[in-house]
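Student: For reference, the chains in residue letters:
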Amino acid sequence: MSAPAKEKVYGLMAEFDSPAAILDAAKKVRDAGYSRWDTFTPFPIHGMDEVMKLGNSLVGWVALGGGAFMFANVAFLIWFSNAWDYPLIVGGKPMFSVPMTFVPAYIMLIMGGAVGALIGMLAFNQLPRLHHPLLKIPQFETASRDKFILLIGATDKNFSVTETRKLLEQLGGAQITLVEDED
Amino acid sequence: MSDSVTNLEELKKLAPPAELRRAPVVEGNLGLGWLTDKLSVFAEGKTPLWWWILFSISAVCATVIFPVCLFYQVFTGVGVWGNNHPVMWGLDIVNFIWWVGVAHAGTLISALLFLTKQHWRTTIGRMAEAMTVFSVMMAGLYPAIHVGRAWFDWFMFPIPNSNGLWPQFRSPLMWDVFAVNTYLVVSMLFFFMGMIPDFATLRDRSTTRVRKAIFSALAMGWTGSARHWHHYEKAYVVLCGLCTLLVFTVSSIVGLDFCTAQIAGWHATIFPLYFVIGAVFCGFGMMLVLLVPLRKWCGLENIITLSHMDKVAKLALVSGLIIDYIYLMEFFIAWYSGDPYERWVFGHRLFGHTYIYLGWTLIGINVCLTQLLWFKKIRSNMLALFIIGLLINCGMWSERFVIVVGSLYQEFLPANWGKYMPTRWDIGLYIGTLGTFFMLYLLFVKFLPMIAISEVKGVMPEADPHHKLGGAKTGGDK
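Protein sequence lines correspond, in order, to chains A and B. With this note's numbering as the guide, the letters of the first sequence map in order to residues 11 to 193. With this note's numbering as the guide, the letters of the second sequence map in order to residues 541 to 1018.
Excised from the complex, chain A in its bound form (with noise of 0.2 Å):
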């Protein structure tokens, strides 16, 4: 065999059978005193929130973000090309009032809304990325569809190869696997 590529730990998994198996096994994690911890499941788990302590998301703040940007660069859009750079006189209206920028940029804050909400959830979620440690775990593809698994990462200040294997069989974890990475 030729020397094997270096690895390093990345944590631990441990599989759980139910969304309430896994939040309870949760619940115990953060209690143990473990902070660099998390969940992978097929669907949004209700009250995982706040057993994580994740607060609340800033993606929607992002998108009120990307939405004020292109609501007010179209009203400015609108009076530099229209009032300013080219004077056009419309039914003798005044060249610029704020009603005749609504419409423009009030659709164009839906756009930069949404398009702030989208790279906002990448961004946060760091995605996209090519490569996860997680993803070479054969046993980690049931994640995407019935099992609910629980990671403790190797850099968590209270992480021991022993001890935490011995945390997560006590709490009825399924198939421990230790999840290396390349270094």
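There's no promise every hint is true.
[Claimed, not checked] Within a straight-line C-alpha distance of at most 20 Å, the following computed DMTMM-like cross-link-like pairs (lysine to aspartate or glutamate) qualify:
(1) B:LYS578 to A:ASP156
(2) A:LYS38 to A:ASP59
(3) B:LYS752 to A:GLU151
(4) B:LYS1008 to A:ASP156
(5) B:LYS1008 to A:ASP34
(6) B:LYS1008 to A:ASP27
[Said to hold, decoys possible] Short derived list, chain A residues pointing at chain B, Cβ under 8 Å:
(7) MET105
(8) VAL108
(9) LEU137
(10) LEU145
(11) ILE147
(12) ALA153
(13) ARG155
Quick caveat, the hints were computed from the structure, so don't treat them as lab data. All residues carry an ideal CB built from backbone N, CA and C; glycine is no exception.
Got chain A sorted already, so can you dock chain B onto it with the hints?
Tutor: Then chain B, alone, in the frame of chain A:
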């Protein structure tokens, strides 16, 4: 509920009677794994014969008729269509409004019903979104070529250029450019974002390297981490809110294209609302046309249940009733205004000559036939729903024709009167867009997750950590 409820018998007494209980989202559910298989099997399995037959027909329309009609028109000019003075807006604008309309129900189902927490929308939401995306594409094409010189379309965008030209932002036609483009982009983003977790599911299920590579790229490294879901759910709510705004905005702006004009028949403040509701009604018709065969042929009768079809039909009925009210108001106001031109136009819609058959088609379908949806028997008969859906689309198409052409062909001066008949190029282009729409839709059905796998799983009792089926020790039975 008090603590005194201890045994099952007492609990049963407190539970609502069977007929008042909510219908399950999925019938005969055998668990999350089964559901995953069931929902992804069509995109993975062997392509059935019906798919090939429908695909060949629509592909011929999309790749032969469509480009031929398109290129001939672009190279020759708008003169190949029947548009001529005084009817400068013909089938191109009729079809534009019709396609935008078809799109609207999709957004309404996927976004508005999400905000109102209707769990049944999870099963049909994705198919509705796909309908939106593809029909907005078809809609957007029409104004782009209707301008006559498609290579000058960039004039409509605020691009600094050496001519010193800027768009005129007071015109609703200009707002339309922004509205339709935004609608296209936002509905595509929404469609795509909703599919990311399902791409991950298909990635994890894939058996060949090619599938794995494609779905890995599309899923972008989605792992289903709680943090991912946390941000994803927030973004989804925000997108739903924005899409709901679009439902009411885009067709309103299309309505404004008309009602800022002086032409009798268009000069009405009801138009924005009229177009929005008409759009939604038409879209529900298209939804029925798509859902009825697909649920049968793709073996999804347990997922898209009769109860869901019933709800779609009820929504079609509600929007149909609002449309009926608007028709009544339109005719009433035309009479009440005392304006002879208004009265002339509206009188001629039903009792004139050239286009009365379309006027009566509109009344016959949108006002009379829709009333059949009051009956449970009709709503649970899939063939009836399919036919009604098709006819609603015809009814709404004739409504748009009546509004556009019916108001233009006899305007204020009799010297300006004329007739409009679509030519073969008008009709060919319409057939081409229909073919393109169905071709894209069939490709979507075959290759992408046509039902939101993670969303459907997420509303199952098995997904609720406080339900017995979700692993909780107590509680549940709802």
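Student: Holds or violated: the hint that VAL108 of chain A contacts chain B, with Cβ atoms closer than 8 Å.
Tutor: violated, 12 Å
Student: Below or equal to 20 Å on CA atoms is what counts here, so check LYS38 of chain A against ASP59 of chain A.
Tutor: Given pair LYS38 of chain A, ASP59 of chain A holds - Cα atoms ~15 Å apart, limit 20 Å.
Student: Under the criterion of a CB-CB separation shorter than 8 Å, is MET105 of chain A in contact with chain B as hinted?
Tutor: violated, 11 Å
Student: Take a quick look at whether LYS752 of chain B and GLU151 of chain A sit within 20 Å of each other, Cα to Cα.
Tutor: holds, 12 Å
Student: Quickly compare the C-alpha distance for LYS1008 of chain B and ASP156 of chain A to 20 Å and report which way the hint goes.
Tutor: Holds, at about 16 Å.
Student: Should the hint that LEU137 of chain A touches chain B count as held when the rule is a Cβ pair under 8 Å?
Tutor: Holds. Min distance 5 Å.
Student: Could you check if ILE147 of chain A really has its C-beta closer than 8 Å to a C-beta on chain B?
Tutor: Check failed: Cβ of ILE147 of chain A comes no nearer than 11 Å to chain B, outside 8 Å.
Student: If you take the shortest Cβ to Cβ gap from ALA153 of chain A to chain B, is it below 8 Å?
Tutor: Since chain B brings a Cβ to about 5 Å from ALA153 of chain A, closer than 8 Å, the hint holds.
Student: LYS1008 of chain B and ASP27 of chain A were given as a pair; does the straight-line alpha-carbon distance stay at or below 20 Å?
Tutor: holds, 13 Å
Student: When the nearest CB of chain B is found for ARG155 of chain A, is that gap smaller than 8 Å?
Tutor: holds, 5 Å
Student: For a C-alpha distance cap of 20 Å, please report whether LYS578 of chain B and ASP156 of chain A respect it.
Tutor: Holds. LYS578 of chain B to ASP156 of chain A sits at ~13 Å (cutoff 20 Å).
Student: With a cut-off of 8 Å, does the beta carbon of LEU145 of chain A approach a beta carbon of chain B closely enough for the hint to hold?
Tutor: holds, 7 Å
Taken one by one, the earlier hints fail for this structure at numbers 7, 8 and 11, listed in ascending order.
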